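Construct the entire structure; sequences and hints are all you get.
Going down the list, the protein sequences come from chains A, B and C. According to my numbering, the first sequence is numbered sequentially starting from 1. According to my numbering, the second sequence is numbered sequentially starting from 1. According to my numbering, the third sequence is numbered sequentially starting from 1.
These are calculated hints, taken from the structure and not from any lab test. Do not rely on the hints blindly, as some may be mistaken.
[As the list claims (entries may be wrong)] Footprint (simulated), chain B over chain A, 3 or more residues, beta carbon under 8 Å: (1) 30–41; (2) 192–202.
[What the hints assert, rightly or not] Derived contacts from chain A toward chain B, CB cut-off under 10 Å, selection only: (3) L47; (4) A49; (5) M50; (6) I111; (7) A117; (8) V125; (9) A134; (10) S137; (11) A187; (12) P220; (13) E222; (14) M252; (15) M275; (16) F283; (17) V305.
All figures in this text were calculated on a predicted structure; none of them were measured in a lab. Cβ coordinates follow ideal geometry from the N, Cα and C atoms, glycine included.
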Amino acid sequence: MSVSHDVSPLIRPRSKILTHFGRELNWGDFVFRRTTALLAGLLVAALAAMAAAMLHGSAESLSKFGLGFVTSQVWDPVRDVYGALPFIYGTIASSLLALCFAVPISLGVAIFLSELAPAWLRGPVGFLVELLAAVPSVVYGLWGIFALAPWLRTTVEPFLGRTLGFLPLFQGQQRGFGMLAGGIILAIMITPTISSVSREVLRAVPSALREGALGLGATPWEAVRVAVLPYARSGLVGATILGLGRALGETMAITMVIGNRSEISASLFAPSYTMASVIANEFSEATGSLYLSALAEVGLLLFVVTVLLNIVARLLVWRVSSLPGGGSL
Amino acid sequence: MPKSYARRKVTDIVVRSACVSAALIALVPLVSVLYYVTSRGIGGINLEFFSELPKPVGESGGGMANALVGTLKLVFLACVFGIPPGVLAGVYLAEFGQSRFGKWVRFSADVMSGVPSITVGIFVYSLVVLQTKHFSAFAGGVALGVLMLPTVTRTTEELLKLVPESLREAALGLGLPKWRTTLRVMLRTAAPGIATGVMLAVARVAGETAPLLFTAFSNPFWSSGLNEPTASLPVNIYNYAVSPYEEWHRQAWAAALVLLLLVLLLNVCARLLVQSRAGAR
Amino acid sequence: MFARRSLLVGLLLTVVACKGNQPAPAPAASDATSIVKKDEAVSLTGAGATFPYPLYSKWISEYNKLNPDVKINYQSIGSGGGIRQITASTVDFGATDAPMKEDEAKQAPGKLLHIPATIGAVVVAYNLPEVSGTLKLTPEVLVDIYAGKIRKWNDPKLKADNADAKLPAKDISVVYRTDGSGTTAVFTDYLAKVSPEWKEKVGVGKVVNWPTGLGAKGNEGVTGQLKTTPYTIGYIERAYASQNKLPMAELKNKSGKFVAPSIEAMSAAADAVEVPDQLFVSLSNADGEAVYPITSYSYLLVYEDAKDAVKGQALAKYVWWGLHDGQKFSKDLDYAPIPAKVLVKVEARLKELRSGDKKLLSGA
Chain A
1 MSVSHDVSPL IRPRSKILTH FGRELNWGDF VFRRTTALLA GLLVAALAAM
51 AAAMLHGSAE SLSKFGLGFV TSQVWDPVRD VYGALPFIYG TIASSLLALC
101 FAVPISLGVA IFLSELAPAW LRGPVGFLVE LLAAVPSVVY GLWGIFALAP
151 WLRTTVEPFL GRTLGFLPLF QGQQRGFGML AGGIILAIMI TPTISSVSRE
201 VLRAVPSALR EGALGLGATP WEAVRVAVLP YARSGLVGAT ILGLGRALGE
251 TMAITMVIGN RSEISASLFA PSYTMASVIA NEFSEATGSL YLSALAEVGL
301 LLFVVTVLLN IVARLLVWRV SSLPGGGSL
Chain B
1 MPKSYARRKV TDIVVRSACV SAALIALVPL VSVLYYVTSR GIGGINLEFF
51 SELPKPVGES GGGMANALVG TLKLVFLACV FGIPPGVLAG VYLAEFGQSR
101 FGKWVRFSAD VMSGVPSITV GIFVYSLVVL QTKHFSAFAG GVALGVLMLP
151 TVTRTTEELL KLVPESLREA ALGLGLPKWR TTLRVMLRTA APGIATGVML
201 AVARVAGETA PLLFTAFSNP FWSSGLNEPT ASLPVNIYNY AVSPYEEWHR
251 QAWAAALVLL LLVLLLNVCA RLLVQSRAGA R
Chain C
1 MFARRSLLVG LLLTVVACKG NQPAPAPAAS DATSIVKKDE AVSLTGAGAT
51 FPYPLYSKWI SEYNKLNPDV KINYQSIGSG GGIRQITAST VDFGATDAPM
101 KEDEAKQAPG KLLHIPATIG AVVVAYNLPE VSGTLKLTPE VLVDIYAGKI
151 RKWNDPKLKA DNADAKLPAK DISVVYRTDG SGTTAVFTDY LAKVSPEWKE
201 KVGVGKVVNW PTGLGAKGNE GVTGQLKTTP YTIGYIERAY ASQNKLPMAE
251 LKNKSGKFVA PSIEAMSAAA DAVEVPDQLF VSLSNADGEA VYPITSYSYL
301 LVYEDAKDAV KGQALAKYVW WGLHDGQKFS KDLDYAPIPA KVLVKVEARL
351 KELRSGDKKL LSGA
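The following block contains the structure:
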């Protein structure tokens with residue numbers, strides 16, 4: 001993408017110092033690249049510092065439990081025995097459930113707002129969806145306790161139990177609070193992130209692409225599918241990853257509706273417990289070095305799970321959006 | 001085998017209706033939450049809310065004026081710590097990010113967006129509060145800024161990458177150096193989209209409670225400057241919402257409503273700031 | 001456009017700046033040997049238990065009316081948080097429901113005193129639409145419900161003590177606290193005292209491995225579940241049950257009487273137990289006919305030797321006030337006042353507070 005400058009008489013010759021230190025043609029570019037690199041490095045440094053702090057904090061727990069921490073299901077602060085498997089399951093399951101709900105809806109909203117909605121509707125609806133992001137976690141949690149969970153308990157879960165009860169997903173006691181409530185609340189919380197960023201990404205696609213497809217006889221949806229989505233693929237993946245990150249790290253709202261039982265169950269009606277929740281719930285009151293160390297290790301595991309899910313999500317979305325006939329410009 | 005036109009038309013209509021339904025489904029919880037917050041909070045919004053300090057249970061007329069100012073301070077600090085580094089890091093990723101270092105930066109941003117806010121709070125606590133031996137608004141701002149970084153960085157990167165190359169080539173062809181091209185042409189074009197990303201980040205941190213508990217703490221009185229613990233709307237909402245008292249609950253809902261309106265206001269300001277610079281689209 | 005931008009920025013800065021013009025707090029450094037005048041401006045911070053937060057807010061507000069220059073900032077970040085902050089000296093005093101353990105106390109840079117400041121009760125609340133009177137529970141039944149052995153409301157053991165209640169044939173939904181909490185510590189302390197099996201299998205703590213039930217976050221979370229879901233049972237602080245009009249069960253105390261969690265019953269529990277020199281003790285399952293069995297103290301944590309004399313004296317005076325004049329606010333907020341004979345011991349300990357060589361409370 002760089003234009004060849006070597007022979008143009010319009011460009012000043014480079015100073016000797018610049019020639020030594022880099023490929024830039026002037027001091028402005030030199031400083032620009034180094035400064036932005038420094039700030040980008042800040043991100044890496046911050047993450048490394050956090051990871052190092054967690055590693056240091058979890059040293060005691062790592063040495064005492066080793067791999068058993070990841071495979072054991074017993075979390076007993078009274079006896080100082082800790083195992084994080086139910087939390088790992090809870091985090092992964094609730095985040096994936098949230099993505100299952102949120103990604104189709106968010107993409108639908110983004111396509112609606114960028115392609116289909118009349119101009120007068122775009123502003124207000126877009127605004128309203130972003131407003132979802134402004135609601136504090138606590139408020140979502142309280143709404144979940146008083147509005148969502150009772151609705152699930154009286155309407156949705158009995159319906160699912162009756163119609164799809166042969167699946168282990170929909171069996172068991174219906175209390176409203178549980179994995180399903182957790183997944184739904186997370187989905188609601190990450191929808192504004194995914195849809196807003198996706199909408200901006202779709203808006204940034206040059207209209208020439210869209211118009212070209214339409215001019216060749218595509219229906220509006222086909223124009224989007226063939227011309228716009230492949231071009232926007234990277235951005236859409238980025239939006240989903242941001243949403244996933246938010247889902248993994250959410251604590252307050254989800255702990256108020258997910259039932260907080262460290263058990264692994266196949267049913268969506270059963271209560272569960274996430275890693276972020278257990279840290280938030282128990283950190284303030286935890287005393288005792290092994291207890292605190294176990295909580296730090298849970299934080300470390302959350303890092304690991306985030307990394308793994310990131311990789312998986314990226315591969316999945318990349319695959320799915322590699323549609324036939326598509327390709328970047 | 002080419003599909004018949006009728007079939008393609010039907011698919012088109014089906015998918016378009018699905019998108020409309022998606023938008024409606026997304027709005028249902030919003031309406032429900034807004035209704036919930038407004039119906040419970042509107043009663044608590046009065047002049048005292050914006051001018052009085054909190055009062056203990058049993059005394060009427062308390063307000064959250066210090067929390068409102070505190071939130072503004074914290075959001076301001078968060079923007080100072082989060083936006084410039086975030087945008088510039090995003091610029092780096094978009095311009096020079098194909099190297100191995102760039103991959104590490106992108107990876108860090110993605111992983112950091114998944115770190116729970118309480119972990120960031122604890123991290124900033126050991127970094128700032130333990131060193132200064134007291135809680136402060138400054139520490140709170142740092143924690144919120146760190147929370148904002150990944151969203152701002154990645155949004156900036158993705159939107160910068162989408163600006164057509166033709167703009168860049170035109171600017172370079174006119175003799176602008178690379179740094180000027182990026183900052184004044186590409187960034188300016190992508191600005192409205194980046195503003196959306198920034199506002200998303202701001203909206204999220206404006207409502208965060210957990211990190212503030214260990215950094216900015218809270219304060220029943222006014223806090224002066226940036227070096228003292230400060231009250232904030234989300235912490236007050238949390239404290240009041242988990243109390244047993246109905247009148248504190250009312251205040252919590254009122255505070256939630258005010259917080260929403262505040263974020264809305266910030267959103268509008270951001271759009272106004274950015275709209276005037278970028279081209280129309 | 002430039003004007004618009006600068007207007008917005010200017011607005012923001014004005015807001016920040018004008019609130020920055022409050023008078024600065026008291027000078028931090030002061031002559032360590034002199035005790036300062038009464039009206040010097042002081043700022044104190046404290047952190048700890050959530051349970052006494054409403055009472056301490058009232059104290060702070062009332063004390064500030066009497067002494068406008070003393071500003072106290074107490075935040076409820078949890079007992080564990082309070083212990084950690086006071087140990088790290090980022091706050092001037094801590095508050096905890098469960099007393100500090102030996103190894104925690106060793107980590108503090110100085111000697112920390114436990115000052116019992118108020119008394120609270122953990123009540124067993126429930127949601128039974130068909131039952132109009134108060135449920136009566138024996139310790140054995142309570143343990144069995146939480147252990148998962150009694151599963152239905154119309155179990156014969158429940159019927160035995162509640163003959164005239166229309167107990168339904170529904171499953172009992174048990175609710176516990178998922179977050180670490182002094183309430184859980186007090187509740188499990190009681191269960192362990194009345195059931196050796198519970199003590200062995202589950203134990204006592206701020207977080208335990210519950211055999212059955214659903215975890216809710218905070219007293220508010222448990223209350224929310226109790227209010228919205230029928231056939232649930234849970235344990236919460238008294239204030240939450242009374243403010244939300246949830247029925248509270250009467251518990252059979254050690255002397256065999258069914259007692260409701262009234263303020264008098266809480267005071268009776270405090271009267272019945274002798275407070276040792278270390279000033280902390282468990283009040284659960286005390287002897288006495290009028291005693292409510294799940295009662296506990298809540299403590300303030302104060303350094304015996306204050307590094308900053310100005311702050312140390314201000315704190316000592318505040319705590320003294322709280323233990324005397326502050327107690328009259330207890331009843332309205334669902335707490336019980338400290339009994340007189342305990343107060344005598346606490347006063348003696350408070351008089352030992354010092355900064356260096358100087359005593360902080362001379363003839364207060």
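Status of the hints after comparison with the structure:
no.: 1; hint: 30–41; result: holds (count 9)
no.: 2; hint: 192–202; result: holds (count 8)
no.: 3; hint: L47; result: holds, 4 Å
no.: 4; hint: A49; result: holds, 7 Å
no.: 5; hint: M50; result: holds, 5 Å
no.: 6; hint: I111; result: holds, 5 Å
no.: 7; hint: A117; result: holds, 8 Å
no.: 8; hint: V125; result: holds, 6 Å
no.: 9; hint: A134; result: holds, 4 Å
no.: 10; hint: S137; result: holds, 6 Å
no.: 11; hint: A187; result: holds, 9 Å
no.: 12; hint: P220; result: holds, 6 Å
no.: 13; hint: E222; result: holds, 7 Å
no.: 14; hint: M252; result: holds, 7 Å
no.: 15; hint: M275; result: holds, 8 Å
no.: 16; hint: F283; result: holds, 7 Å
no.: 17; hint: V305; result: holds, 8 Å
Figure legend: structure checked against the earlier numbered hints; every hint is met.
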